[in-house]
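Chemist: As they're listed, the protein sequences go chains A and B. Just so it is clear: in the first sequence, position 57 is 57 by my numbering, and no numbers are missing. For my numbering, add 1000 to where a residue sits in the second sequence, where the first one is 1.
Take these hints with a grain of salt, some might be off.
[What the hints assert, rightly or not] With a Cα cut of at most 30 Å, we get these calculated DSSO-like pairs of lysine-lysine: (1) LYS1077(B) x LYS57(A); (2) LYS1077(B) x LYS1052(B); (3) LYS57(A) x LYS1106(B); (4) LYS18(A) x LYS57(A); (5) LYS57(A) x LYS1068(B).
[Stated by the list, open to error] Here are the simulated distance ranges between beta carbons: (6) ASP1055(B) x SER82(A): 26 to 34 Å; (7) LYS17(A) x SER1014(B): 46 to 54 Å; (8) PRO1114(B) x ILE12(A): 31 to 39 Å; (9) GLU1015(B) x LYS71(A): 24 to 32 Å; (10) SER1083(B) x THR86(A): 28 to 36 Å; (11) PRO61(A) x GLU1016(B): 41 to 49 Å; (12) GLY16(A) x THR1005(B): 32 to 40 Å.
Hints are computed from structural coordinates only; laboratory data are not their basis. Cβ coordinates follow ideal geometry from the N, Cα and C atoms, glycine included.
Each chain is listed here by its residues.
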Amino acid sequence: EAQVTQNPRYLITVTGKKLTVTCSQNMNHEYMSWYRQDPGLGLRQIYYSMNVEVTDKGDVPEGYKVSRKEKRNFPLILESPSPNQTSLYFCASSMDEGREQYFGPGTRLTVT
Amino acid sequence: GNSVTQMEGPVTLSEEAFLTINCTYTATGYPSLFWYVQYPGEGLQLLLKATKADDKGSNKGFEATYRKETTSFHLEKGSVQVSDSAVYFCALSEWGGSQGNLIFGKGTKLSVKP
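Take the sequences, apply the hints, and build the full model.
Modeler: Below is the structure:
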């Protein structure tokens, strides 16, 4: 089954404790992206990657890092999480320009 | 910069009612426009899209027409069902047909009552 998977689905952590949210797609897609969803703000793009080793900032990149060492994986790294990063995070992928973007099921992160 | 504005919810309708969710956009170029749907506890799914002016996207009984003159992409359905209850997001892509950088509206929650 074609899908985007994220882990963990739920995470509660404390301020400053480094964490990684994994994202993997099995569709051989070139493009991958991370969004955060917050009430009243909709979805905002954090980082995206057009291909392996090619990443770029989205609208709200502060406090986040990403890497794209393999085509299928695009982990999101929070080196020192803060409470304002409490949010619902979505990973997405697509084949290329103009194609449908597939979303993962989401990761709900709480930073206390 | 580019932006998307959609009507605020929540919207509550009875089954078989007509649905309109308004969406307008601001863009400097010629974006592609999308409607995504998010069912409770799930990620977003593409509902429909239009890539140029006057295109009509349609899927599952939903329709939206790309109106360049009014910079709008309103979502409509003639007869909603309880199963349509979800959050709907209007979005545009900054680079023509690419979904490389989607800009979303804030979402409109739809509740359909039996």
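Chemist: Would you list, in rising numerical order, the hints stated earlier that this structure does not obey?
Modeler: 1, 6 and 9
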